[in-house]
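2 protein chains.
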Amino acid sequence: MINLPKGTRDYSSIDMSKRNYLIQTIRTQFELFGFDSIETPSIENISTLVGKYGEEGDSLMFKLLHSGNFLKKRILDFLKKIKNNREIVVNNVEKCFIEHMSNKALRYDLTVPFVRYVVMHKNEIIFPFKRYQIQPVWRADKPQKGRLREFYQCDADMISYSWSLWEEIELIQLCDEIFTKLNFPIIIYINHRDILRGLVEIAGIKNNLWKDFTTSLDKWNKIGRDLVKKEMLSKGITSLSFDKVAFFFDMKENFYHKEKHLTIALQNSEIGKKGLRDLSFIYRNIKNISLQKTKLEWNISLARGMNYYTGTILEIVPFYNKNFISIGGGGRYDQLAHSFGLNNIYGVGISLGLDRIYLAMEHENLFQTVSNYPSKVLFINFGNEEVLYAYKIIKFLRKKGISTQLYPNAEKIGKQFRYANDNNIQFVISIGKNEINKNKIRMKDLQKRTEKEYDNINNVVNQLTKKL
Amino acid sequence: MINLPKGTRDYSSIDMSKRNYLIQTIRTQFELFGFDSIETPSIENISTLVGKYGEEGDSLMFKLLHSGNFLKKRILDFLKKIKNNREIVVNNVEKCFIEHMSNKALRYDLTVPFVRYVVMHKNEIIFPFKRYQIQPVWRADKPQKGRLREFYQCDADMISYSWSLWEEIELIQLCDEIFTKLNFPIIIYINHRDILRGLVEIAGIKNNLWKDFTTSLDKWNKIGRDLVKKEMLSKGITSLSFDKVAFFFDMKENFYHKEKHLTIALQNSEIGKKGLRDLSFIYRNIKNISLQKTKLEWNISLARGMNYYTGTILEIVPFYNKNFISIGGGGRYDQLAHSFGLNNIYGVGISLGLDRIYLAMEHENLFQTVSNYPSKVLFINFGNEEVLYAYKIIKFLRKKGISTQLYPNAEKIGKQFRYANDNNIQFVISIGKNEINKNKIRMKDLQKRTEKEYDNINNVVNQLTKKL
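Protein chains in written order, with my numbering: chain A, 56 to 523; chain B, 56 to 523.
This is chain A alone, in the form it adopts within the complex (with noise of 0.2 Å):
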């Protein structure tokens, strides 16, 4: 029994027209707004990827065998080394075991492999650096619906030795160009991670569970109030500390009703202070510039699940949808270049997931004008000696610019028909021994069901580049 691996699929030209639609609009915002192509490998060093993403995310990577002769010699170690230690085995024989039998891992998002690469080529590079990315990534999650093992993101970041918050403006703009050409209706929620801290401060939670405490807010809007209380509580966030803040989480007013509130519960934070000043920076200039399908609102208890954000945090849902899956997200991640040595260098950007996209837009049934290109023309094989004589035509089309199909065997001619039909082909010539001995090209058009002789290759070429 042939199958794929749990969480994998194949994507059919159908699948793909779709796909390079989106790809293609995406790529193109891209670069209208002077992001740079670049492609990074999908293996990386395990250290590079590890302890980026908090330990679930650790767990999940994809983790790659040592290969060739190597392996045996790595399994055997492995083996003595447990043989001689009987306390790996119990406490610890995961971690031994990864140690030895691998070193690489499929990449996890492609956030991290970007900020190594400007770790790597900072020489290189002139900052500030605006790149964009449209590559798969890898995680071993449950599968479900929207959520696949391999899947594409589209990332678009900025690295520079200096920050500004015009760099979210222009991140939050790009977002509803792209969602506008699409003709697809999004909201952006938007938060900052120094207000959840200055929350966190006065609400006297202890800084060494802020990792917890964001965790766990993040699953809000999923699993609800009292199910994220029962979390914190159990990680050891007192009921008092939650009730000092879950308030705000729930406020469902506008952007200055939250802004007025905030401003009070934060009057004694610094960095609370800081967060509402950058946050309500950006919301201003955004209303002033003015969005076209985007929404852009406050989400208090919008977290973001990887450990590496530190600024404003955003994510995109659809707008008549806004409890389908997660679009895309991202935020500000200025200690990301550190963790690999390179101090006083500001990150920032959103990542887009293809495939939920993909998903989505199918939901709301908006790929009505993606057409699937079929070919334009099939040319009948009526034997050796007429394709022979046909080819050149064949060729002469192409050129042209028309794409153009030889039918490959002399099988009957109503089958041949039949695969014209079924591809979505419009036009068949046929050209067999009575066109070449009176010199002619018979073409029939099987949406129009018309058919007819031509003498010159160029009226074909002009019948078939015909715009409606």
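No wet-lab data here; the hints were simulated from the structure.
Incorrect hints may have been included.
For chains that are exact copies, the list does not tell them apart, and a pair is met inside one copy or across any two.
To be verified - Here are the simulated lysine-lysine pairs, PhoX-like style, with alpha carbons at most 25 Å apart:
1) 138 / 150
2) 455 / 350
3) 431 / 236
4) 127 / 315
The structure presented is a predicted model; accordingly, all values stated were derived computationally and were not measured.
Place chain B on chain A using the hints.
Leaving out everything else, chain B in the frame of chain A:
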């Protein structure tokens, strides 16, 4: 110390513009010839891939470790298994290990996954099925110049329930169009596995030595006659057998001369005669249709490494550097679907090595006309008020399809101009307090070193979109 795994590399935006040019050229021709785009996942079940590429292939496949909680269970299962059976450790610990630790691998080529695709989707596919794929593959080969561990292949294949030599002719024409468009002359070496079968027959080499024979023969051009002979003898082929056919592998004469010789030599080999007939049909028709930048040459020592080839085989090398690495290859594989349980289905295809074409074209300095499509315009950042004022112009230019950047910070003007210069951005627009008051747009052309003030945004657009 941060680095990349052995045999992998980053691609800068300059690299990417050349790669995208290659991909675009290849894709366009694939589509003009009527091939459809599909994609398959990077990860396949090991059972799908194993045994298709020969022993070396199996060992050079990148295998993925099981992940999550399942991994620990499998480690403990493996340890238990070998504890209870010392024999395994001595004899085949590696095999037992892989069985426990992995069932997935990165694809090794695009052909086997494609055939797996056809077998899995046979009920939705319209045959004859022509598809192309441009995706990376992974091999744990020893890295060296032109041999990466992750590299892109560009494959075009046809699969159907009947076969036709016009498919081979189409593929050769397709290569000729691609390399003509790239202005890159090539040689396509052609041979036929049935001719080799015929030679094996008349040499009296036993059937069970067929794989060894082709594997060694394939090295003829690299290591030479003497070393191939030595290797064949070591596999059990007799010196007498070798000498009976070695003469043909060194033949330097033209096609018709070779054909004459082999027609005599193979007169008693049915399979050999069939191979000759096929090759003659392809060669004569190609000569008749003619080629542009391609020389088609019969190379009797060509055998191809993959196990799965059955008929015609092809290999592509640069015309002016025959001894450069091979930049592509292909052939007929009429039995491959059979190994997945689908009978009487025939396949043929070509595979172009993107990274090798890149390398060969760099070597011959053929990328001169490819430019790095930089942004057209940089807006100087004079501060928040000025940027907010200018932003409507930035938006307008992007809407007009002009790639436009905003410098993110209000840094020193000189630094901002240097950024434009270093990035080959031709135009710099300055809108400071002065320009706002006068309602003007000031634009400098860094190439022509001219500066001008504009009253009207449409005049700016005209200037920016003006063709030379």
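Hint-by-hint comparison with the structure:
1. 138 / 150: Intra 15 Å, inter 20 Å, cutoff 25 Å: intra and inter.
2. 455 / 350: between (45 Å within a copy, 24 Å between copies)
3. 431 / 236: Classified as between: cross-chain Cα gap 21 Å, same-chain 27 Å, threshold 25 Å.
4. 127 / 315: neither (65 Å within a copy, 51 Å between copies)
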